[in-house]
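These are the residues of each chain, in order.
Number of protein chains: 2
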Amino acid sequence: MAFPIPRRLLLVSNSRLHGEGYLAHCEEQMRSFFGGKVNRVLFIPYALHDQDAYAKTAREKFESLGYELDSIHESSDPVEAVRKSEAIFVGGGNTFRLLKILYDLNLIPEIRKRVLHAGIPYMGSSAGTNVATISISTTNDMPIVFPPSLEALGFVPFNINPHYLDPDVNSTHMGETREERILQYHEEPDTPPVLGLREGSMLLVEGNKATLLGRNKARLFLRGQTPTEHEPGADFSFLLTSS
Amino acid sequence: MAFPIPRRLLLVSNSRLHGEGYLAHCEEQMRSFFGGKVNRVLFIPYALHDQDAYAKTAREKFESLGYELDSIHESSDPVEAVRKSEAIFVGGGNTFRLLKILYDLNLIPEIRKRVLHAGIPYMGSSAGTNVATISISTTNDMPIVFPPSLEALGFVPFNINPHYLDPDVNSTHMGETREERILQYHEEPDTPPVLGLREGSMLLVEGNKATLLGRNKARLFLRGQTPTEHEPGADFSFLLTSS
Ligand SMILES: [Ca+2]
Ligand SMILES: [Ca+2]
Numbered sequence: 001m002a003f004p005i006p007r008r009l010l011l012v013s014n015s016r017l018h019g020e021g022y023l024a025h026c027e028e029q030m031r032s033f034f035g036g037k038v039n040r041v042l043f044i045p046y047a048l049h050d051q052d053a054y055a056k057t058a059r060e061k062f063e064s065l066g067y068e069l070d071s072i073h074e075s076s077d078p079v080e081a082v083r084k085s086e087a088i089f090v091g092g093g094n095t096f097r098l099l100k101i102l103y104d105l106n107l108i109p110e111i112r113k114r115v116l117h118a119g120i121p122y123m124g125s126s127a128g129t130n131v132a133t134i135s136i137s138t139t140n141d142m143p144i145v146f147p148p149s150l151e152a153l154g155f156v157p158f159n160i161n162p163h164y165l166d167p168d169v170n171s172t173h174m175g176e177t178r179e180e181r182i183l184q185y186h187e188e189p190d191t192p193p194v195l196g197l198r199e200g201s202m203l204l205v206e207g208n209k210a211t212l213l214g215r216n217k218a219r220l221f222l223r224g225q226t227p228t229e230h231e232p233g234a235d236f237s238f239l240l241t242s243s
Numbered sequence: 001m002a003f004p005i006p007r008r009l010l011l012v013s014n015s016r017l018h019g020e021g022y023l024a025h026c027e028e029q030m031r032s033f034f035g036g037k038v039n040r041v042l043f044i045p046y047a048l049h050d051q052d053a054y055a056k057t058a059r060e061k062f063e064s065l066g067y068e069l070d071s072i073h074e075s076s077d078p079v080e081a082v083r084k085s086e087a088i089f090v091g092g093g094n095t096f097r098l099l100k101i102l103y104d105l106n107l108i109p110e111i112r113k114r115v116l117h118a119g120i121p122y123m124g125s126s127a128g129t130n131v132a133t134i135s136i137s138t139t140n141d142m143p144i145v146f147p148p149s150l151e152a153l154g155f156v157p158f159n160i161n162p163h164y165l166d167p168d169v170n171s172t173h174m175g176e177t178r179e180e181r182i183l184q185y186h187e188e189p190d191t192p193p194v195l196g197l198r199e200g201s202m203l204l205v206e207g208n209k210a211t212l213l214g215r216n217k218a219r220l221f222l223r224g225q226t227p228t229e230h231e232p233g234a235d236f237s238f239l240l241t242s243s
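If you're matching them up, the sequences are chains A and B in order.
Residue numbering for the first sequence is 1 to 243, as defined by my numbering.
Residue numbering for the second sequence is 1 to 243, as defined by my numbering.
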């Protein structure tokens, strides 16, 4: 790559750990990611049905960290809201619903411009992490609506599986395990790597550097290879240069 | 409805119960469903990657019940194979992959004709049950490929969630429960009923009559209503007349 892309991404597996508050487990990483220069964060709540309630929850959290929060669903001109944004947070919910609304409102190219050209920070959680990647092909959600494509914002050239879940050895349920589902994806030709982010984990991307943060190991699936485990602090920069 | 549709469907939640053989839990229902007149069953293995191995497994099972099995992937003309079929069995795997291949090979209208006009028996398991319904919107699978639509064969005007799973009260995992996923579907406008078929359960449809068979209760989700539990033997015919 001839020049570094000025992208800044904080891609979180999940919004809430069992028994903890909303975004509590990634508070420290959020502070350091958004830093002292950001004043207002644009929140994208489209993955959930009750957008008012969702914006209230997110606003309380961001205000407690010292940031103002504007929810895009309260704006009369969502495209303009993205154009003016100085930071974006996309919350979790249903990934198909989220991606379809981003397409319907013509927000995909606008968010790409802000993040890849202007270099504003993008934080995603769960579905908001799925849509930041090359496609939503490794979402855990049901296809409750039909977006025009599975292709997503493409800030990274691989897939993430948020809420990555290890097989339950005591289970008698016969549905595919998460790992089996990802291996089925890799049976398809030319499929990119999949990073399984367990709850409590997140990926920080700064330009051409990617680092695993948080409390848990991540599981990496490369097509045709045995999956591997990676500790917090692991350098995943090599995933950014795969085509 | 002015005249009964001659449809005959056996829609099974899953192919294999924990610790049991392939299709063992529904053997009795298969015998009575295919009966003494069917000689050959056309198998559709597209939901799995290794179609040869899949056909071998299915063939052994059907032969043990006294039926010959032809796998459509061994035919040089899949459309013609459907046109000549006297019974169809669609196996499980990845629902998106299955539906995409059915579209790609132009099999959707042909299968519909055989089942809805000629009245041949259609058995589906897991993904094969999903594609028999109005759409694949309540599949549990990952969107590893992108079919041209979520609309499926539409033999029944509602959705089925196969491998329906009750919430694990001891779990600390924060991903949506199956019930939460289905309720998110029903947040969307004009969404049809969803029948949650637990493993070991199946729905038998004969014309305008639908009956729950198998070992387990089913959970029925009607948009805007509290979900309800139904014992094996329950009459679900009312679901066939909802639009
Ligand atoms: Ca979700
Ligand atoms: Ca499946």
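Don't read these hints as lab results, they were simulated from the structure.
Keep in mind that a hint or two might mislead.
Each pair may be met inside one copy or between any two copies, as identical chains are not told apart.
[Said to hold, decoys possible] Derived pair list, reagent style DMTMM-like, types lysine to aspartate or glutamate, alpha-carbon separation capped at 25 Å:
id, residue 1, residue 2
1, K56, E180
2, K217, E74
3, K61, E180
4, K100, E151
5, K84, E20
6, K217, D70
7, K113, D50
8, K113, E187
9, K209, E68
10, K217, D168
11, K217, E20
12, K84, E179
13, K56, E231
14, K56, E176
15, K56, E187
Note that the coordinates shown come from a computational prediction; the quantities given were computed from them, not determined experimentally.
Legend entry - Earlier hints that do not hold, by number: 2, 5, 6, 7, 8, 9, 12 and 13
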